[in-house]
Every structure is written in C-alpha cells, then in structure tokens.
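Asks: Construct all of the structure, not just a fragment, from the sequences and the given hints.
Top to bottom, those sequences are chains S and U. With the working numbering as the guide, the letters of the first sequence map in order to residues 329 to 732. With the working numbering as the guide, the letters of the second sequence map in order to residues 19 to 151.
Hints are computed from structural coordinates only; laboratory data are not their basis. Among the clues, some could well be false.
What the hints assert, rightly or not - Simulated DEER-style distance windows between Cβ atoms:
{"hint": "1", "chain 1": "S", "residue 1": "Pro342", "chain 2": "U", "residue 2": "Val120", "range": "27 to 33 Å"}
{"hint": "2", "chain 1": "U", "residue 1": "His145", "chain 2": "S", "residue 2": "Ala706", "range": "34 to 40 Å"}
{"hint": "3", "chain 1": "U", "residue 1": "Glu93", "chain 2": "S", "residue 2": "Lys707", "range": "17 to 23 Å"}
{"hint": "4", "chain 1": "S", "residue 1": "Asp592", "chain 2": "U", "residue 2": "Ala20", "range": "41 to 47 Å"}
Claimed, not checked - The calculated BS3-like cross-link candidates involving lysine-lysine, where the alpha carbons are at most 27 Å apart (straight line), are:
{"hint": "5", "chain 1": "S", "residue 1": "Lys502", "chain 2": "S", "residue 2": "Lys421"}
{"hint": "6", "chain 1": "U", "residue 1": "Lys37", "chain 2": "S", "residue 2": "Lys719"}
{"hint": "7", "chain 1": "U", "residue 1": "Lys144", "chain 2": "U", "residue 2": "Lys24"}
{"hint": "8", "chain 1": "U", "residue 1": "Lys98", "chain 2": "U", "residue 2": "Lys133"}
{"hint": "9", "chain 1": "S", "residue 1": "Lys707", "chain 2": "U", "residue 2": "Lys144"}
{"hint": "10", "chain 1": "U", "residue 1": "Lys24", "chain 2": "U", "residue 2": "Lys142"}
{"hint": "11", "chain 1": "S", "residue 1": "Lys502", "chain 2": "S", "residue 2": "Lys539"}
{"hint": "12", "chain 1": "S", "residue 1": "Lys433", "chain 2": "S", "residue 2": "Lys524"}
{"hint": "13", "chain 1": "S", "residue 1": "Lys646", "chain 2": "U", "residue 2": "Lys24"}
{"hint": "14", "chain 1": "S", "residue 1": "Lys707", "chain 2": "U", "residue 2": "Lys37"}
{"hint": "15", "chain 1": "U", "residue 1": "Lys142", "chain 2": "U", "residue 2": "Lys98"}
{"hint": "16", "chain 1": "S", "residue 1": "Lys420", "chain 2": "S", "residue 2": "Lys549"}
{"hint": "17", "chain 1": "S", "residue 1": "Lys707", "chain 2": "U", "residue 2": "Lys142"}
{"hint": "18", "chain 1": "S", "residue 1": "Lys412", "chain 2": "S", "residue 2": "Lys502"}
All values derive from a computational prediction rather than experimental measurement. Positions of the beta carbon are idealized from the N, C-alpha and C atoms, including for glycine.
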Amino acid sequence: MKLPIYLDYSATTPVDPRVAEKMIQCLSLEGNFGNPASRSHVFGWRAEEAVEDARRQVANLIHADPREIVWTSGATESDNLAIKGVAHFYSKKGKHIVTSRIEHKAVLDPCRQLERAGFEVTYLDPDSDGLITPEMVENALRDDTILVSLMHVNNEIGVINDIEAIGDLARSRKIVFHVDAAQSVGKIPLNMATMKVDLLSISAHKLYGPKGIGVLYVRRKPRIRLEAQMHGGGHERGMRSGTLATHQIVGMGEACRIAAAEMDSERTRLIALKDRVLAQLSDLEEVHVNGSLEQRVPGILNISFAFVEGESLMMSLKDLAISSGSACTSASLEPSYVLRALGLSDELAHSSLRISLGRFTTGAEVDHAVAEIREAVAKLRELSPLWDMYKDGVDLSQVEWVAH
Amino acid sequence: MAYSEKVIDHYEHPRNVGKLDQDSQRVGTGMVGAPACGDVMRLQIQVNDEGVIEDARFKTYGCGSAIASSSLATEWMKGKTLDEAATIKNTDIAEELALPPVKIHCSVLAEDAIKAAIDDYRAKQKHDAAPAA
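Replies: See below:
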C-alpha cells in the first residue's frame with residue numbers, strides 16, 4: 329500500500345491515466361497543438377474537431393445538446409459567469425436572487441459582489457440534514473426574483489438537493505435556475521432533457537480530468553441569456569472569450585466519456601466502501617455522520633468524533649490525506665460554515681473529519697484508514713477533559729465555560 | 019500547518035497527562051477555554067507543606083499547540099513554588115515551542131490555566147483557614 333493514503337477526492341481527483349494519455353497527444357509539434365479558432369489550415373481544423381468531439385462527450389454525460397456547452401476555466405468561473413451573467417442581463421426584470429448558506433464560496437462570493445452592486449440576495453438555511461427543500465425555495469421567491477442558485481451535491485457533507493423539484497418550481501415562475509454540480513456530475517445521473525435546470529456548472533478536476541477546465545451548461549430552450557464576463561474575440565458564442573485549451577478540453581471530454589461508461593459500477597463500489605467505513609466505526613461511542621444518510625453521494629463522509637478536536641486528530645493521522653471542518657485548519661479560525669448552518673454545535677463542528685473516497689480507493693486503504701482513526705480517537709479522548717466529563721455524566725451544554 | 023519539533027514531541031509524548039483528586043485540599047484545579055472555541059484545558063497542581071508544587075497533571079481538548087502548551091506548562095510547574103509558577107508567561111511558552119502567530123492564543127490559554135489552578139489552590143487554603151481564625 330502506498331502511503332499516505334489519498335482520501336480527499338472531493339477536494340480534487342487525480343487525472344485518470346486514460347485522460348492523461350489523450351491530453352499528451354494535444355501538446356507538441358507532432359501532436360494536435362493548433363488553435364481551434366484557426367480557420368485557414370489543417371492544424372486549426374484538427375484542433376477544432378477534437379474540441380467538438382469533447383463537447384459532445386460532455387453533453388452526452390448530462391443529456392444536453394453540444395451547443396449548450398460553454399468551456400470555462402473551471403467551476404468557479406462557471407459559477408461567476410452564471411450568477412453575474414444572469415443578474416446583469418436580467419437586472420431590468422428584478423434584482424432579487426435566492427441561494428443558500430452552504431453554497432461553495434464560488435457562489436457565495438459572486439452573490440456578495442452583486443449585493444454591493446445593488447442586488448438583494450436571500451440566503452436559505454438548510455434543514456438539519458443539510459438539505460434545501462422546494463418549500464424553502466418557494467417561500468423565498470418574490471415577484472422580482474430573477475435567479476435561484478443552489479448546489480446539487482454539497483462538497484463538505486455530500487448531501488443531494490432535489491434539483492428536479494426545485495427546477496419545476498423555478499420554471500413555473502419563469503425564474504432562471506442555476507445549479508453548481510461540481511460534486512455531482514459523473515457521480516450521479518443528470519439529465520438536462522428532463523430536469524428544468526437552466527445553467528449547470530461543471531468542473532473537470534472533480535471527475536478525474538485536469539484542473540483548469542470546466543463547463544457552463546447554458547440552456548437553449550427556453551433560451552437563457554447571459555452577459556459575458558470575459559471579452560476578447562467572442563469565442564463560445566460570445567459567452568466566454570479566450571483561446572480554447574485543446575489539451576484541457578480533450579481531457580475533460582475523455583473524463584466525461586469514462587464517467588458515463590463507468591458511473592454505475594463505480595457507484596456500487598463506492599457504496600460498498602462507504603458501508604465498510606461506517607461498519608468499522610459503528611461500535612465507537614459519540615460518532616456522528618453529518619448530513620442526511622439517505623440523500624447523499626457515497627463518496628463523501630463527514631464525521632464528527634465528539635470530544636476530540638479535528639486538527640489534533642489530523643495530526644495523528646499521518647498516513648491519511650483528508651480534511652477537517654475544524655477551525656484550526658483554516659486561516660480564519662472559524663469552524664466550517666457549512667456544519668454550523670446545519671445547526672451543529674461549534675464543538676461538533678470542531679471535531680469533524682471529511683473523508684472522500686474515489687475511483688482509486690481500495691478496501692485495504694479504507695481498512696488502514698479506519699484503524700488509524702480509531703487509534704487516534706482513543707488516544708485523544710484519553711487526553712480530553714471533555715471525554716472525562718462526559719464519562720462522569722456531566723452535561724457539557726450546562727457547564728459555564730471560561731471563554732477567552 | 020507546519021509545527022516545530024518541540025510541539026510534535028509534546029503532542030506525541032505528552033507529559034503528565036492525568037487527573038488529580040479535585041476535592042483534595044492539596045489540589046488546585048484550573049479549567050479554561052470552551053468547547054465552542056475549540057480548546058479546553060484542565061490543569062491541576064498538588065502542593066506540599068512547603069508550598070512547592072510536587073505534582074502537576076493536565077488534560078486538553080484542542081489542537082496540537084494547545085496540547086503541547088499545557089504539557090509544557092505542567093513540566094515547568096513541577097518543583098516550583100506557587101510564586102515561582104505564577105511568573106510563567108505565555109510568551110515563554112510560545113517561544114519555547116516556537117508557536118506560529120496564529121497559535122499564540124494556545125499559550126495564553128496555558129498561562130490562564132496556570133493562574134486558575136494556583137488561584138483555586140489558594141482559595142481553598144483561605145477557605146480552610148478562615149473558620150479556624
């Protein structure tokens with residue numbers, strides 16, 4: 329077994345070797361290096377053909393029309409283009425946007441920016457399972473609402489929002505619906521032919537493609553209009569200028585092709601691995617899985633180990649590459665805003681680990697990881713005054729702490 | 019977060035982990051911090067008739083720096099008189115462990131814990147002496 333073990337697939341994934349192979353063919357003089365926008369010679373034509381093949385591969389994965397695929401630099405740019413692009417284009421219709429408190433920063437920060445530009449944003453609180461329900465969205469809609477932007481799968485806890493129902497609702501009110509699907513595309517089925525999603529952000533590096541490339545799906549029927557955020561040549565039907573990065577695009581296309589072909593088998597394998605983790609932790613006291621257990625992707629597990637602080641826990645997990653919801657791992661010293669929005673106590677938020685499994689995770693790796701976690705939790709609980717108090721029957725919520 | 023070797027050493031081999039009898043007249047207990055802030059330290063001292071700290075124990079919920087700061091504090095307190103122990107400063111702890119700026123609050127918490135344990139012990143003695151006077 330190679331150490332350390334990578335269990336942070338929701339942060340990024342390694343490029344699949346089949347993807348890397350395709351990308352290499354689009355770089356050097358012998359390869360397909362031309363500018364896809366060059367119309368006057370075969371180098372350009374060949375590059376354009378490769379880009380259009382990749383566009384079809386992405387479209388095929390989400391059952392879209394290839395003409396609805398706009399290349400971007402990644403999900404952050406897709407989110408920015410969708411949110412700011414819609415807001416500015418439709419600002420005469422209204423200035424109200426609905427999103428949630430547990431969105432990725434790539435959605436929250438553009439919303440903040442729009443607030444500074446005079447838009448009004450409603451930030452929905454999720455329920456304790458981490459879900460945004462259609463009812464919550466319905467209650468927040470106003471006559472001047474122009475955009476609803478919600479994530480499909482949450483990157484920290486892995487829960488799945490019912491975007492089908494929310495899409496129906498938005499469409500019935502003629503409100504544009506944007507979905508950040510960075511964590512769901514390639515992992516669970518998405519069908520733009522049946523789902524009433526108008527804009528969909530996709531990232532290649534979350535599905536075994538390269539970093540630096542993504543897609544914004546922009547619906548044609550009914551047609552969704554955007555104000556471009558990047559100008560300079562009018563590429564991608566004027567929505568996103570800039571020379572297309574053939575090797576990146578080909579990589580993303582291949583990654584989507586593989587995802588479409590292997591999604592079902594991979595999902596079955598990941599469910600088994602997730603169950604294996606949970607089974608091996610089931611006899612530990614005060615271990616909580618954060619977020620809905622039913623509505624979730626199998627690859628992401630967010631677990632709080634009460635009375636143990638997340639950063640010190642990670643210090644003990646030398647063989648594991650994972651992340652923590654603890655404040656101490658972030659620059660801000662604030663515990664995860666996602667976990668807090670779920671209504672989790674700060675203490676449990678400080679005590680959380682995110683384990684994310686993926687295509688190259690093995691059963692042996694999972695067993696090794698859980699054994700190491702169990703050992704570390706036992707050691708740190710021995711060190712923890714809170715564990716002592718819990719064992720003595722003290723109700724920690726009733727203690728008057730000397731905060732500092 | 020890159021830690022100094024000293025922090026890692028204290029984290030991996032914490033000194034004086036444990037619990038003393040909180041109800042004993044010889045024991046002073048200091049509990050500082052809050053779970054919501056991500057760190058809680060319990061530091062206890064046992065003082066002999068000469069006013070010397072003969073034993074010190076801690077348990078800490080918190081990051082590696084918090085654990086190391088309290089572990090170091092118990093090491094330094096042992097064998098000192100109460101007055102000597104009360105002069106231990108957070109800056110000394112931070113310097114010894116080479117704490118990065120973002121972790122200075124861990125050493126502050128350790129100093130608070132030392133003071134709280136000493137105060138608790140002294141309050142017990144006063145309380146004890148009062149009825150006899």
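Asks: Are the hints correct? Go through all of them and say.
Replies: Comparing the hints with the structure gives:
Between Pro342(S) and Val120(U) the CB atoms are about 31 Å apart, so this pair conforms to the stated range of 27 to 33 Å. Between His145(U) and Ala706(S) the beta carbons are some 38 Å apart, a value that agrees with the proposed interval 34 to 40 Å. Distance hint check: the CB atoms of Glu93(U) and Lys707(S) are about 19 Å apart, consistent with the given range 17 to 23 Å. The hint said 41 to 47 Å for the Cβ distance between Asp592(S) and Ala20(U), and at roughly 43 Å that hint holds.
Taken as a hint, the Lys502(S) and Lys421(S) pair is honoured in the structure, with Cα atoms around 11 Å apart against an allowance of 27 Å. For the given pair, Lys37(U) sits about 13 Å from Lys719(S) by alpha-carbon distance, which is consistent with the 27 Å threshold. Taking the CA atoms of Lys144(U) and Lys24(U), the gap is about 38 Å. The hint is violated against a cut of 27 Å. Of the supplied pair hints, the one linking Lys98(U) and Lys133(U) holds, its CA atoms being roughly 14 Å apart against a limit of 27 Å.
A hinted pair counts as satisfied when its Cα atoms are at most 27 Å apart, and Lys707(S) with Lys144(U) does not qualify at roughly 38 Å. About 35 Å separates the Cα atoms of Lys24(U) and Lys142(U), which puts this hinted pair outside 27 Å; it is violated. Pair hint Lys502(S) plus Lys539(S) does not hold up; C-alpha atoms about 34 Å apart against a cutoff of 27 Å. For the suggested pair Lys433(S) and Lys524(S), the alpha carbons sit about 24 Å apart, so the restraint of at most 27 Å is met.
A distance of roughly 17 Å separates the Cα atoms of Lys646(S) and Lys24(U); the hinted pair therefore holds under the 27 Å criterion. A hinted pair counts as satisfied when its Cα atoms are at most 27 Å apart, and Lys707(S) with Lys37(U) qualifies at roughly 15 Å. Proximity of Lys142(U) to Lys98(U) is assessed by CA-CA distance (about 19 Å); at most 27 Å being required, the pair is judged to hold. Taken as a hint, the Lys420(S) and Lys549(S) pair is honoured in the structure, with Cα atoms around 21 Å apart against an allowance of 27 Å.
With a C-alpha separation of about 33 Å, the suggested pairing of Lys707(S) with Lys142(U) is violated against the 27 Å cut-off. In summary, the hint linking Lys412(S) to Lys502(S) is supported, as the alpha carbons are separated by about 18 Å, within the 27 Å threshold.
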